[in-house]
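Going line by line, the protein sequences match chains Z and G.
Sequential numbering from 1 applies to the first sequence in the UniProt record's numbering.
Sequential numbering from 1 applies to the second sequence in the UniProt record's numbering.
Hints should not be assumed to be uniformly reliable.
The calculated label-pair distances, taken between Cβ atoms and stated as ranges, are [said to hold, decoys possible]: (1) R300(Z) <-> E269(G): 47 to 53 Å; (2) N460(Z) <-> R451(G): 17 to 23 Å; (3) E412(G) <-> N460(Z): 46 to 52 Å; (4) A111(G) <-> T380(Z): 53 to 59 Å; (5) Q407(G) <-> R432(Z): 32 to 38 Å.
These stretches of chain G come out as covered by chain Z in the derived footprint (C-beta under 8 Å, 3 or more residues) [unchecked claim]: (6) 395-407; (7) 414-427; (8) 437-444; (9) 448-454.
Hints are computed from structural coordinates only; laboratory data are not their basis.
Remember, predicted model here, so these are calculated numbers, not experimental data.
Beta carbons: idealized from backbone N, C-alpha and C, even for Gly.
What follows is each chain in one-letter form.
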Amino acid sequence: MAEYLSQLTSVSPCLHTSTPSDEEDYDKHIRDLITYLQQPNRPSELSSVSGYLLDNLDPYLHSLSYLSVLHFKIQSVQGDNKTRLSKQVCPGGELWIKAVRLLRGFDPFQIRYAGHEWRQLIELVIQAAQAVSKPLLAVSVVRDAMLRLDPSSEVLTSVHTAFMRLTLIARSYSLALPILERHICHFPTLTGQAYQKYHQPTLCGEHESSMTFLTDGSGFSKKLTYRDHLQFFLYGAMIYMALRKWDRALHYLSIVISCPVTNTVSKIMVEGYKKWVLVSLLGRGMLVSHPHLASSHVIRAYKALAKPYTLLADAFEKCDFQRIEVEVNAARSIWHADNNIGLVQQVMCAFSKRMTLRLGMTFSALTLADVAQQASHRPTSLNEVESLVASLVMSGALNAVMLHSHNDDDKTTMVRFCSTVELRCFQEHDTREQIVQDSQLLDVVGRSILYANRGLELSNENFLFLQKSMRWSDNPEKGSARALDELASGIDIEEDIMGDTH
Amino acid sequence: MDSMPPDAFESHPPSPYAGQIPGVINADLESLNGAVVSTSPFVKVDDPPKFELESYIANYIGRTKFNRLFLIGSCSTYLSVEALKAAIVEAKSSKDVSRYERAVRALAEVAPYEAEAMLDKEWVDRTRKVVKAETDRLEHELRGYKNNLIKESIRMGNEDLGQHYHQIGDLLSASKAYSRMRDYCTTPSHIASMLFKIIHVAIERGDWLSVQSHVQRLRNLQSKQEDQAKNQPKMSAALGLSQLHSGAYQEAANSFLSTDPSLGDSYNEVLTSNDVAVYGGLCALASMDRNELQRRVLDNSSFRNFLELEPHIRRAISFFCNSKFRPCLEILESYQNDYLLDVHLQRHVSTLYTRIRTKSIQQYVVPFSRVTLDSMSKVFASRASSGQAQPIDSKSPFVQELIGLIQDGTLEARIDLEKMVLVSNQADLRTDVQTAVLESLSSYVKEAHIRLLRTNIIRAGLEVRQLSDERKQSHTGSGAKHPRPPTGMLQ
Chain Z
1 MAEYLSQLTS VSPCLHTSTP SDEEDYDKHI RDLITYLQQP NRPSELSSVS GYLLDNLDPY
61 LHSLSYLSVL HFKIQSVQGD NKTRLSKQVC PGGELWIKAV RLLRGFDPFQ IRYAGHEWRQ
121 LIELVIQAAQ AVSKPLLAVS VVRDAMLRLD PSSEVLTSVH TAFMRLTLIA RSYSLALPIL
181 ERHICHFPTL TGQAYQKYHQ PTLCGEHESS MTFLTDGSGF SKKLTYRDHL QFFLYGAMIY
241 MALRKWDRAL HYLSIVISCP VTNTVSKIMV EGYKKWVLVS LLGRGMLVSH PHLASSHVIR
301 AYKALAKPYT LLADAFEKCD FQRIEVEVNA ARSIWHADNN IGLVQQVMCA FSKRMTLRLG
361 MTFSALTLAD VAQQASHRPT SLNEVESLVA SLVMSGALNA VMLHSHNDDD KTTMVRFCST
421 VELRCFQEHD TREQIVQDSQ LLDVVGRSIL YANRGLELSN ENFLFLQKSM RWSDNPEKGS
481 ARALDELASG IDIEEDIMGD TH
Chain G
1 MDSMPPDAFE SHPPSPYAGQ IPGVINADLE SLNGAVVSTS PFVKVDDPPK FELESYIANY
61 IGRTKFNRLF LIGSCSTYLS VEALKAAIVE AKSSKDVSRY ERAVRALAEV APYEAEAMLD
121 KEWVDRTRKV VKAETDRLEH ELRGYKNNLI KESIRMGNED LGQHYHQIGD LLSASKAYSR
181 MRDYCTTPSH IASMLFKIIH VAIERGDWLS VQSHVQRLRN LQSKQEDQAK NQPKMSAALG
241 LSQLHSGAYQ EAANSFLSTD PSLGDSYNEV LTSNDVAVYG GLCALASMDR NELQRRVLDN
301 SSFRNFLELE PHIRRAISFF CNSKFRPCLE ILESYQNDYL LDVHLQRHVS TLYTRIRTKS
361 IQQYVVPFSR VTLDSMSKVF ASRASSGQAQ PIDSKSPFVQ ELIGLIQDGT LEARIDLEKM
421 VLVSNQADLR TDVQTAVLES LSSYVKEAHI RLLRTNIIRA GLEVRQLSDE RKQSHTGSGA
481 KHPRPPTGML Q
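The following block holds chain Z by itself, in its conformation from the complex (with noise of 0.2 Å):
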């Protein structure tokens, strides 16, 4: 046993002080332990004394032996039984317990080699958490594991969608942000660039964007799909809902409506559109125009498959409260059957919130009866006025404030709204708060354009490098060979600038 541990120990985390030198030294070092794990018979080895292992291996200096060990014991404890999870996997089971500790504690450089049995083991926990129908108990786990591993969260994979699901399962919406709030930019994607043959960054090195570690075969994610992306996306966005920050649902929608198609429109998207119609209703009062990068086949096509949701729309922005009404009776199986009769019930709550705060713009001041009479669509009771205006009021969506008289007699309420002059000084903060918000969004967008930009072969050294080899092929004098040979020395070139910028 001592001897096991000896050989699993021998590896531990390098101090990331360290020159190219050190870190390709550690690189072999990793290397020679997973050869040693996959040898043919150690995991029947190893499982056996797992629980030894377990206890005496630290998560996070020997994360790779703790998660090899612990993947060869699931396996065993599983068997070939691969629809029923045993009861030690799950919650409150001894090795839920030891997976839980590996993924709140791992070393993120070891992991990188291990993309696959990682994978597996989240993948896992959230099946045994939905098994015993405590999603909740999962999603703050697989959570810090996925900033752990990439603080950034710029690279969808997989478990990204994965992960969306769970949270929406467990109605633990406000768990998920961390993530949401770390803008997606990339895609694993294969690693077929010319300067990379040359050039291949050691895995356990740091690095700028998490793009070099999450690649297509580094196990990080499934082979993805278009739902999958699509699908990550819209549940993001109907988190927000849920939280109703309708601005950055929007934004989501928007992503998910103006997807790059080939000829044909996903199920998704459509649902994407018709949350897309009502949450712009909700968040803007109105119809919001289309992101113009989604191409007009496609709009097109939304436009006939969401005819329901447009009409009522249009009948919201014309603020004929009859006709709303009139729409969303007649298409309550539709509401029902696409899961959104809650957001259309909200979006008939903001009409006369809409409507109260319109009136802000027409009048200065006026009597409450006036406002049920030009805000509300049915007759209402003035109490009932009063109150739906003192709760915007509260909620800070109104600025105004309500004036009772003092004569007995004459039991008017005033409502008084301020000038928006006078609203300056309350923005400040918000404005701070916004560009703060933004100019991260932007570092993010930057960054990353900058990332694609370079995988796209646009970047400025690209330019500079073609423009020097259609110099030498214009010169005549120069052979073939010659200019192959020059060609070559011009990618020698290229990598030290791109060995800078790792």
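With chain Z's structure known, arrange chain G on it following the hints.
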């Protein structure tokens, strides 16, 4: 026949006059020409107008006389019998049978027992025969001229034919005949006269696009200075008319304002100087601000000649310039009936009046930061409701009108129903700019994010594709994968 110039009449299909204000405007003249017989009148005017029918209609000559009489007859309940009788007399003096029939039918509806309400069958048959013979004769002659290949004769033959068609009310053929003259015109004056004839027919047909294009052609014509000067007033008037009908009131005002007073009564087959004054004045009122009105209308020495003919328009404009909106609106209101019985103005009166009224309200509010609703309603509320000093509340029509104006963004103000004042909005430019900047920032960032994702989706081959495509792809994908060892720790 084949030598029809490509830019002639055919290039403007007659029925849908694209680019004009909704179909209604076209209906009036079309219906007068018999194309749409059963159109009910656009408005009914019950009160007597201010003008004397006989002296009014005496100002006009030619076919417009009948058109105007018929319009008055069908729209004014007060003058209908008198006007329709005059229209019947007018129609009978010409050769247009369909006009006569229409006038008789209209009269029969209003006053079935009048002697004129009976169709004079004998006249109709006789006139038809005469017309047919005349048409045959002219066409025959034209054919003869064509065989002889004498340009001047062909031109004149076409002209005669066009004139004849025009007289009998076949405007389409008239227009075609006139445009065929084009190839045989030798002098600029010929071309000018041909264009004028086409314009005349087009005005009657309500083909305003063709009026505009032909006026343009007329303007580009190289002709002598004095000819130009002679043609200018007619050209401006025709252009103004077409712009009025297309709803471009500002341009119409400009055209009418630049009409030379030498127009006199030379264009009475279309419109009189009085009409120029009224059309120009109303369009200017509806589209120009006070400074412009003062400078370009009241101080305009040539347009003054027109305004003198219609002194009330002049008074209305000067009241407007002096910010006396009540008398201005009152004058306009008192003449509304007259304008509703004008063949060209009828469809536009309400639009023009609303614009003038809205503009007055806007102008009235400009100097105030807050103004009581009471004083405003004294100026703008209609007489009937303000006869007794009615208390203003949120339900009075004037306040409703204000609410409408604020909601559609014409009036930058808010109503205070507690103190009964209209408070003008103070624009806070700094905040506006800040909000705009923040908005553009966030929309930029969002779009950049979407575009980036789009690029990366395409790069990773994750576009939405058809199921069969996808299967094919995944098939080849897995096929390629097989020789590779399973992923995981092995890398």
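Q) Which hints from the list above does the structure break, by number from lowest to highest? A) Every hint satisfied by this model.
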